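Sequence order for the protein chains is F, P, L and H. Numbering of the first sequence is given in my numbering, commencing with residue 6 and proceeding in unit increments. Numbering of the second sequence is given in my numbering, commencing with residue 620 and proceeding in unit increments. Numbering of the third sequence is given in my numbering, commencing with residue 180 and proceeding in unit increments. Numbering of the fourth sequence is given in my numbering, commencing with residue 219 and proceeding in unit increments.
The hints are simulated quantities; they were obtained by calculation from the structure and are not laboratory data. Bear in mind the structure is a predicted one, so any value in this text is a computation, not a measurement. Treat each hint with caution, since some may be false.
To be verified - The list that follows gives simulated cross-link-like pairs (lysine to aspartate or glutamate, EDC-like), each with its CA atoms no further than 20 Å apart:
id, chain 1, residue 1, chain 2, residue 2
1, F, 92, P, 767
2, L, 600, L, 672
3, F, 50, P, 906
As the list claims (entries may be wrong) - Derived list of chain L stretches under chain P, where covered just means 3 residues or more per stretch with a C-beta under 8 Å from a C-beta of chain P:
id, stretch
4, 379-390
5, 447-458
6, 512-521
Using N, Cα and C, we set each Cβ at its ideal position, and we do this for glycine too.
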Amino acid sequence: GSGGGGTTAATLNIAFLPKAVNNPYFDSAAAGAQKAAAELKGQFKQVGPSDAVASEQVPYIQTLTTQGVSAIVISADDANAVAPALKQAMAKGIKVVSYDSDTAPDARAIFINQASTEDIGRSEVDVLASQINNTGQIAILSATSTATNQNAWIGFMQDELKKFPNMSLVKIAYGNDDDQTSYNETQALVQAYPDLKGIISPTTVGIAAAARYLKTAGLSGKIALTGLGTPNSLRSYVKDGTIKGFELWDVGHLGYLAYYAAAALVQGKITGKQGETFTAGTLGTFTIGANGVVLLGPPTVFDANNIDQFNF
Amino acid sequence: MRRAIRLISLWEALLVALLLGAVVLGSSLSPYFLNSNNLSNVLSDLSEKSLMILSMLLIIIVGEIDLSVASILGLSSVVLGDLWMHNAPLAVCIAAALAVGTLAGFINGLLVTALGLPSLVVTLGTLALYRGCAYIVLGQLAVSNFPDGFTTFGFGSIPGTLIPWPFVIFVVLAVIVILVLHGSWIGRQLYTIGNNQVAARFAGIRVARIKLILFTISGFISGLAGVIFTARFSSARADNALGFELDVITIVLLGGVSIFGGRGTLPGVIIALFVVGILRNAVALADFPTETQSIIVGGLLVLSVLGPNAIVRLQNWLTRKRVFATLITYVQRSRT
Amino acid sequence: MDVTHAPTHPLIELRDITKHFGGAQALREVHLTLYPHEVHALVGENGAGKSTLVKILAGVHTPDAGTMLVDSTPVVLHAPNQAQRLGISVIHQHPTLFPDLDVAENVFMGRHPLGPLGQVDWKRMYSSVDALLATLGVQFTARTPLRSLSVADQQLVEIAKALNVRARVLVMDEPTASLSSREVTELFSIVRRLREQNVAILFVSHRLEEIFELADRITIFRDGGFVFSAPTAELTPDAVIRYMVGREMATLFPKQATTLGAAVLSVKHLSRAGKFRDISFEVHQGEILGLAGLVGAGRTEVAQALFGIDRPDNGEIQLGGEPVQIDSPAKAMQLGLAYVPEDRLTQGLILEFPIRSNITSPIWQKISRWFGLLDFARERSIAQDFFQRLSIRAQGINQRTQSLSGGNQQKVVLAKWLTTKPKLLMLDEPTRGVDIGAKAEVHRIVSDLAAEGLAIILISSELPEVLGMADRILVMHEGRITAEFDRAAATQENVMTAATGQVTHGN
Amino acid sequence: MVTETMTTEQEGQRAPSAVIRVTRRVGQVRELGLLVVLLLIFVGVAVPEPRFVAVNNLRDILLSVAIIAIVVVGETLVVLTRNVDLSVSAIIGLVAFVSGDLFKQHPGISIAVVIAIGCAIGLGLGLLNGLLVSYGGVPAIVVTLGTLYIYRGLDYAIAGGKQINAFDVPDRFLNLASDTVLGIPLLIILAAVIAAIFALLLRYTRLGRQVYAIGSNPEAARLAGIQRNRLVLLTFVISGLLSGFAGILWAARFATVDANAATGLELLVVASVVVGGVSILGGSGTILGAMLGAILLATIQDALNILNISPFWLQAFYGAAILLAVMLDTLIMRRLQRSYLTRRL
Ligand SMILES: Nc1ncnc2c1ncn2[C@@H]1O[C@H](COP(=O)(O)OP(=O)(O)OP(=O)(O)O)[C@@H](O)[C@H]1O
Ligand SMILES: Nc1ncnc2c1ncn2[C@@H]1O[C@H](COP(=O)(O)OP(=O)(O)OP(=O)(O)O)[C@@H](O)[C@H]1O
Ligand SMILES: [Mg+2]
Ligand SMILES: [Mg+2]
């Protein structure tokens, strides 16, 4: 059989490969992608491992390659581990787009960046600072230390912290985007740093778990918590004051844009070169930036006032 | 159980049928299944497990078990990565990874033979210990920037063919194991130990020494698997191959090897290896949800032992009914 | 000993009981009657079927044919607890206990005394077991973990277990096998007390003096068949032995006269704590050295120490005049020793393997070619050769040893060790549970080997066998050599006396 | 569990011979040893970090062990019969999700009903394990390794990408995990009660003693007229039931439940049992010991947190704990037997 089948510009057979399939965050991204697929009359499917383990993603890439999908849209669990397989796919003429978490740049054509890494990193520190009036020990609860996006954000957070002499970052903990681990890590942070004032968790799983611990440990309001999360999973904590405010881009839009980008690639409208532009349905026109990065836009801040307007 | 032995040949026949079934299923589920690239992917995905079943088979045949293989894989992968991160030459890194694996296996062996502890508990302990050591060394870091040559070895195929490099290693080792296990005096001694440890000792077989060697080999193989894994994903991480031990043991048992030792053949296990590999691949190709795989594998595992038992019980029941007795004996004759 | 007036109503009556194990017939239409207020002794050589009968009474085995009457009503026992409910309590030949539990629980397992809330009443259990143990005069208490007891003490627990239930029938299979004489007297006084309480007692033993001391009636089995039964008063030890053996020895044990060569093995002051002490002897080429004694005398341990299975604590072993250290069976084999173990099923054979592989197992490495690959053709020829020389009766060398009769299994074990061309061959109970025909053949083989100049140590609990086969007989009792006899000087009586540890007279 | 210590004292009163006093201590040595180790850890950590022995930290330790402890009780029963149940983690995960999902699908469903359903599921899955082992004649490790896959697979099949969030389940349900009675968290009380009940059953019922018997010597058990199959089946059913119950509590405690809940927990459970001195070869060990084993492992984890040692050390410590436990156990047993061997002759 011809591995490169299906790349005729007409057929849109686009597969999403998230870090893990059973993660509400990626499910809402998938919802957006499905919307785009409907608009473009293309096919959409989402496959992936049940655990966020890099090596688990590779067989799926291979399978998709064999199936000759027209494009793979991936959120890389480990930028380099998936690279060889993705390169094989590209060699077979399959377009590769990364979203949410980038791969090695030479293993994809375009990276859909949910928000400028810098914006997110800096703004989260600012949000937290305003909650703890610029003083005290803070900690970061990240996903995995290999997650490209996480590390980039953390980089800018540390830089932003220089502006707040009275705030000190005491620890960066890793919850592996796993609920129990994140929960225990939060518990560990609180125990290890009795004077902890605030936690930033730039991951949807992490922030939810952290919020839950703070609530059960009766620390709501005592330790401030912010980060990136989905409104649905944090709504109750925002209402009971465990979380005053948190950020996120519109995940649905992320998937939506990623699908349009992939489609544009498949249809040959773009190749991924800097400066190329394409239109993404209701989101309007986007321009490809340096080394194939497309920016979704600034993040939204969710708080008690606006949270009920969102459902994802 | 005794009578079940007569059924081993039958069991291997069943496995072959199962294998064919899997192939048919695969090709009917997806047009891409028989595509040569895909088959090459199947082999590639089995790279580490195919090696690990070899040593696991030997260990289970002498009536022991090694739960720590996946952790040893992770540890040696991490050692390789850590040294590479500190700019050691690749050859040194690989040698070190193999050495660490071998040492880990040797320690298992010592605990089992010298102290006479049950291997189930010992390797349960080292399963956690070795994985823990891997985390201690590399934490959550991942070392990736390996040279292309290394990655190609792990991920690429023999030029001009679609045979992945690691599979070549498997073929070579498999041939050796077949010869040793089924053709040499050593193999005979292994089965003897598994069947009757006392009799083995009374016959002058050095039981403890042999077990020590086997655990050490298992460690080495796991280390080798660690190197291959690292190459395949150009990524050395502490959580590499987490949980592989279950797959490996499952495949071995599915291959008709008795968990009590003394019974089982490599051909059977190899067939089982491909049954599992192909089923997983077929199910994924057909876009079945991930969980279908684990359900199928688990079901096969239980059936692999339940099946023969059930047949034996049926036989006993029938033989008690004089009418069928002759029929049964006839069937058994024709089988042997 | 009081003369009993056998009551008219038997408690238990066994009629024409037959039992097969695969091919081997363990019991052939035997009958036995147990009366209350009577100690009934059952004697017979090894493999006569005593334990099988005991297990049938215990409900462990169900007979293939025949009837069992309890209180003159026929019963069929399928499970041990059925026998227990009928008031039949059994002491099995080999302890069947729970090593992880303490003595009290072993005694009470399944029948723990219960308190008001239906809870296990530990206090009561411990006190009653301690009381029971007191009557046995033992050195351990109800709370001692069983794992820490010696085999003999475990035997006592087994006895306590049987005495603990209000039994109407007490069956004892070689209860004294590993007991000291003091413990034996304790046991006997208890048994007599029970007899006074109208308990029916079946007593299996190899020790004739015990039987004549205790039993009111003696029944003799031979090779799975009933031979004779009469009140003890009407019997003499010689008569019993004659019934037991029941054949002219000379014809059965064709020991050829051989010229003794140089000493092959000489042992000096060999000791192993708790097993044997100060063992010294020599064996010569072409000599058969008999090792007689009761079960538990320590003969197996001596043999196994020589074969490197357990280490002796001190003493010296010389082979061909050279002092040697034997630390493993492998080493022993290199030195030209061979050991045919006591229990061929668990120690001698790989039942899953065909005759062929079993015979060649000690020399697999030798008959391998490059890379240790087995030379199957050579294996087949060697196996075939011994298969014929020992005239093993089977479909062929590829038949699985599992399906062989005891006698033929034993021949396979013999062949297995002969392949190593040993200088010294140690046989431990080589004919236990082997039918007469095969027995005779084994004896022929052994004496042929001796004639070929092989040195042989023959351990056997069957006196006639030792008397018939051995050039010289060492008698062991409780780990010590108590006597040595030449072929000429040895008789049933003097060997048996030495074996039971009474006056030591050798020459 | 109180009873365990009581009998120790009783045994202390009557002391016939020196040898026997030794062995009696050896009999209890596991529990004592574990207590000593725990004590050492507490002292060792409390000195640099007094917060370690603060009430709320001790509470956290017990809280984190409570759910596992319930599963450990069932596992202990199974292991005592010379078997093992690796499928517990899958049962927990499955039940945890299903019970959470019930609330999500049928808002207003009564908690009692959910608990009943969850326990029923656990019981059913345990029953399947038990039947395959006892009547199917399949080695426990094979059966439960297989059902570990299968049950987890079912979990994935049901859960898919869905996730149960705190707001999907009623607060009354979440309170199961957070409620306290007289200041003691309900979870801890539940675990303690369950452990105590089974400790009593094991020690004070004939059935309980027979569990030890079949693990210690199956053949002898047969001669004693004990029905092995039924008993093995029973232990697996109990193990499944308790795992199911633990699954419900899991959902209540962690509120956010996806298909991966409790993955890999079976190793921690078996580890607790082994560290607790329950012989993997069956026949010996106590619930008390297993509980201490579980607490020990949880304490190690907590100590690492408090001392701010990287959690990456945790697994290594677990492994070392397991190895040390079995080594000590066997060495002591050996020593004991040698001390007796030379008694005769
Ligand atoms: N479970 C069994 N399977 C096969 N054969 C058996 C079994 N039990 C006994 N036999 C055979 O039945 C015959 C009688 O054995 P049994 O144990 O009753 O003899 P015994 O008189 O008790 O001998 P000993 O004095 O050595 O105890 C022997 O040939 C033995 O090999
Ligand atoms: N089959 C057995 N089961 C349990 N204990 C045994 C067995 N055989 C021997 N023993 C014990 O081992 C110790 C030494 O017995 P050993 O067999 O060496 O003496 P033996 O003279 O060889 O007896 P046998 O006539 O059985 O060979 C004794 O305490 C004996 O009770
Ligand atoms: Mg007997
Ligand atoms: Mg003996």
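Comparing the hints with the structure gives:
At roughly 13 Å between alpha-carbon atoms, residue 92/F and residue 767/P fall within 20 Å of each other, so this suggested pair holds. Restraint check: the Cα-Cα separation between residue 600/L and residue 672/L comes to about 36 Å, which exceeds 20 Å; the hinted pair is violated. Proximity of residue 50/F to residue 906/P is assessed by CA-CA distance (about 9 Å); at most 20 Å being required, the pair is judged to hold. Here the stretch 379-390 of chain L counts 0 residues with a CB under 8 Å from a CB of chain P, which misses the bar of 3, and the coverage is violated.
Here the stretch 447-458 of chain L counts 0 residues with a CB under 8 Å from a CB of chain P, which misses the bar of 3, and the coverage is violated. Using a Cβ-Cβ cut-off of 8 Å, 3 residues of the stretch 512-521 of chain L lie near chain P, which meets the minimum of three, so the contact claim holds.
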